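**Student:** The lines below spell out each chain.
Number of protein chains: 2
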Amino acid sequence: MDHGEIIQGVLTRVRPTEEERAFIEKLMNDLKTLAEETIESLDLDVRPYFVGSLAKDTYLAGDHDVDLFLAFSPDIPLEELREKGLELGKVIAEKLDTYEIAYAEHPYVRARYRGVSVDLVPCYDVGSWRDVRTAVDRSILHNRWVLENLNGRNDEVRLLKRFLKGINAYGSEIYIRGFSGYLAEILVIKYGSFLDVLEKADFMLRQKIIDPANWLKREHEVAMKTVKREAEADKPLIVIDPVDPRRNVAANLGWEKYGRFYFKAGQFMESPREEFFFPKGQKRGSYLSELRRKGTHLVTLVFDAGEAVEDVLLPQLERSAGGFEKALSREGFNVLGWNVGKAKKAFIMLELDRRERERVRIKPGPEFFTERGRDFYRKNERVWLRGKRLFAEKRVKENVIEVITELLEKNQVALGKGIREAVKEADVLLNYVPKELEDEAYLFLSREKWNLKE
Amino acid sequence: MDHGEIIQGVLTRVRPTEEERAFIEKLMNDLKTLAEETIESLDLDVRPYFVGSLAKDTYLAGDHDVDLFLAFSPDIPLEELREKGLELGKVIAEKLDTYEIAYAEHPYVRARYRGVSVDLVPCYDVGSWRDVRTAVDRSILHNRWVLENLNGRNDEVRLLKRFLKGINAYGSEIYIRGFSGYLAEILVIKYGSFLDVLEKADFMLRQKIIDPANWLKREHEVAMKTVKREAEADKPLIVIDPVDPRRNVAANLGWEKYGRFYFKAGQFMESPREEFFFPKGQKRGSYLSELRRKGTHLVTLVFDAGEAVEDVLLPQLERSAGGFEKALSREGFNVLGWNVGKAKKAFIMLELDRRERERVRIKPGPEFFTERGRDFYRKNERVWLRGKRLFAEKRVKENVIEVITELLEKNQVALGKGIREAVKEADVLLNYVPKELEDEAYLFLSREKWNLKE
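Protein sequence lines correspond, in order, to chains L and H. So in numbering that gives the first Met the number 0, spot 51 of the first sequence is number 50, and the numbers just go up one at a time. So in numbering that gives the first Met the number 0, spot 387 of the second sequence is number 386, and the numbers just go up one at a time.
One should not assume that every hint holds.
Just so you know, same-sequence chains aren't split out, so a pair can sit in one copy or run between any two.
Taking lysine to aspartate or glutamate and the DMTMM-like style, the derived pairs with C-alpha atoms no more than 25 Å apart in a straight line are [said to hold, decoys possible]:
(1) 387 - 201
(2) 164 - 154
(3) 189 - 397
(4) 325 - 118
(5) 83 - 118
If you're looking for bench data, these hints aren't it; they were derived computationally from the structure. Just so it is clear, the structure is predicted and the values come from calculations on it, not from any experiment.
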């Protein structure tokens, strides 16, 4: 099949049906009426806006998250916005099915209504980037810009988003570092179509700077500051936000995810297949066979990480895994790779070159003619010189589990702050994982988890 | 026993008896007469000088090496000295028991006479360091200076030399890097007695510069140049040669040997025992038990190094061992220590942390968006990204013997030039050594070979 045929096939799966559209339209209308009535009844100066992919009609079939922004006048103080905004959200949500309070820069209401998630987010009603006061204020501007510039290419955005999801490069959360929906929309607007964006995967990287709103001309200094800052941080792309020259829309896009996009785009252009959009289930295999094949060893720490949400927990787990890598390498174990995540409990997996080290290590001492040198000489049984430095032999624990236990007891592993105590209480497993981690262990050890090739 | 008693006991063993003295005196007289007659018969302008410990009466009982220097006028060219000097030596040696030609800066005759080794060395008859033309010319000056300054402390020198031999710190050869006889004599002259020298072990090191002939006053610039040069080379001691301000008598003294002297001197001052001078035979033990105790592994390369003499061969072996240490560490094996030497054949011993490594290694690749990156992607089966760099897995040999064989085949070990081909043909043994190397392997693995403690 050629690109056109594949794309037609995919579109039938990602484009919402007429029934779905009607359902969404009705839902939004009802919500809008409800919000307006509530605002009026409370005598507030607030305007409701829909933002996000539903409002822009770039959502994927079946993917319905409503973002209803409650925009207050920029004249009121932040404290008041926070208080009244949450209050308003609650009053609206009372009339929906269920709701809870969620926390971002400020608290907001997350409700459910007719099976759809509805976020009721207070913000300022700003007309320009110069007035932006909170992180969410920009959303209304984003929405407006996309609606003004998309010119009916909504399905192209759907294709690109689905492609990015399929190749595991979608999502700008800090622990994902992929493409955001807004970035996908900008790329389609800039390059014209889904296929055009894919074809530009290499060009974009070389060009580096994408400036659809011409900020480098209109606000040269501000935009250049953004470019410099982001270039210094070595970001793969610098996409100057069409509604705010201070911001790189791709600030959270990591090299790994861009790399996936880069290779997969090339592959799709060469031999298109629907699997890019809808991958077959992950490969399965035995992690124990992988260990035998590679001659390596797997240490898994499993522990209770409490209630922390993923975007807080994952960076902590990553930091801790890095800490183990360093500490173990000082101890003579080579860490070939690590993998972290959360199933029932949080886990850190470490792939090691061996499970046991030699029983002695050579301990370097000070120069022999110093006070500390004479001390070292006295305290050790066998002492010898290399140049002016003394050396001695030190008996050490052999087994990696014992070594890890000792390292943790002596606080010699740099651990993520929030999970420090939990890690110290972890179960440390060697070449064995609980049932629910078996697939994860296989995907890690085989590197299928990150494999860029099919 | 106190120091005095120990010293008396040692003196009875190192001081030559009257009979021995008479034998030496007669020997030297006869050699002198023979040399003078030969010189006269050949009508040469040459003066014979005895130098070395026999001439200075600082030799140890039973230790008789005659150095007879044949001093030519400084007016004749070097080529003539070389030719006529060797010729003269040969004619003298014809009248001795046996002889052979030996090679240093220039060739000389090494003869045997009444069971004693006699070196007949041509040199220039110089009166001052300014006239020195060949390396051996200084010997006559050394001899004269010691005779003028020793003032009857000959036995003190004998004690010091025997002590240095006993603790394995004697000999200024490049592959030993210990104290020379001349340096021992200077130290006794400078500090007064054997015990004084030992007591100054720490002081000397801090003082750093020893200048018995006051060159820093008499020839400030020349002497300062020597001091600077040797200080930059980080020598433990700078002993400005009493007969030549350009030379550090301790230039060949290494930190390891000075360290031995440093600790042993302290120990002897604290608890004197005759064993410092005459150590009991080396400790023996099983190298296999050492390997078990330490949990390490021993790789031994045994090969035929041809006819090379020790001071050429040993540095080559050391360089090669260092080359193996580096190459193996790149391959994931940690070298805890090495030992080289020559028994029947030359050997290089390497103590390793393990005998097998994991079967795969992580291979770092280039940045993904480069030509080489796309190449790397094509050529490898599983490829993943960390940042912008590609990584892949590489299957490797596990066994250290196979790894070493492969390294040698691919010329990936930096080997001493003279033994490169021989090492490539070496037998490579794992956790096993030939009978004649068993003691050596034990002394190495237990580090008794270099142990500064008893």
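**Student:** Each hint needs a verdict: does it hold in this structure or not?
**Tutor:** Hint check results:
1. 387 - 201: Between copies only: 14 Å across chains, 55 Å inside a chain, cut-off 25 Å.
2. 164 - 154: Within one copy only: 15 Å inside, 91 Å across.
3. 189 - 397: Neither. Shortest intra-copy (59 Å) and inter-copy (52 Å) distances fail the 25 Å Cα cut-off.
4. 325 - 118: Intra 42 Å, inter 60 Å, cutoff 25 Å: neither.
5. 83 - 118: within (16 Å within a copy, 107 Å between copies)
Violated hints, in rising order: 3 and 4; the structure is consistent with all others.
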